[in-house]
Amino acid sequence: GSLQQAREFRSLARKRTTLPLYLSSMPPNYRITLGDFRSKWEAQKEKQVWLKTFPLALVIPMEIELPALGIAQ
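Counted the way my numbering counts, the sequence shown spans residues 26 to 98.
No lab work stands behind these hints, which were simulated from the structure alone. The beta-carbon is built from N, C-alpha and C at its ideal position, and this holds for glycine as well. Be careful, since some hints might not be right.
DEER-style ranges, computed between Cβ atoms [to be verified]:
id: 1; residue 1: I96; residue 2: M51; range: 19 to 27 Å
id: 2; residue 1: L94; residue 2: P52; range: 32 to 40 Å
id: 3; residue 1: E33; residue 2: A93; range: 15 to 23 Å
id: 4; residue 1: Q29; residue 2: K65; range: 29 to 37 Å
Calculated lysine-lysine pairs in the PhoX-like style (CA-CA distance at most 25 Å, straight line) [stated by the list, open to error]:
id: 5; residue 1: K40; residue 2: K70
id: 6; residue 1: K40; residue 2: K77
id: 7; residue 1: K40; residue 2: K72
id: 8; residue 1: K65; residue 2: K77
Based on the sequences and whatever the hints tell you, model everything.
Encoded structure:
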């Protein structure tokens with residue numbers, strides 16, 4: 026949607042998650058991207074949590090900032 030709508034959605038999402046949120050332009054619209062998931066399965070699982078609030082949510086493959094691995098040292 027519009028930049029204003031995207032900012033409103035981002036604000037709402039920030040109150041509900043600690044996952045990273047990204048606002049980007051996809052002319053003529055704007056989009057909010059949530060999280061940096063290593064697998065499609067992880068993204069689909071998180072999507073289910075958000076479907077009530079954002080029923081048009083999609084899982085879109087894209088380049089991400091890789092999250093740190095939980096490796097004990």
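Going down the list of hints, with the structure as the test:
1. I96 with M51: 19 to 27 Å: Roughly 35 Å apart at Cβ, these two residues miss the hinted range, so it is violated.
2. L94 with P52: 32 to 40 Å: Taking Cβ atoms as reference, L94 and P52 lie about 36 Å apart, which means the hint holds.
3. E33 with A93: 15 to 23 Å: Given a distance of about 30 Å, which is not inside 15 to 23 Å, the answer is violated.
4. Q29 with K65: 29 to 37 Å: Hint holds: Cβ distance 31 Å, inside 29 to 37 Å.
5. K40 with K70: 19 Å, holds
6. K40 with K77: Between K40 and K77 the Cα gap is close to 15 Å, so the pair holds against 25 Å.
7. K40 with K72: 16 Å, holds
8. K65 with K77: 20 Å, holds
Of the numbered hints listed earlier, those contradicted by the structure are 1 and 3.
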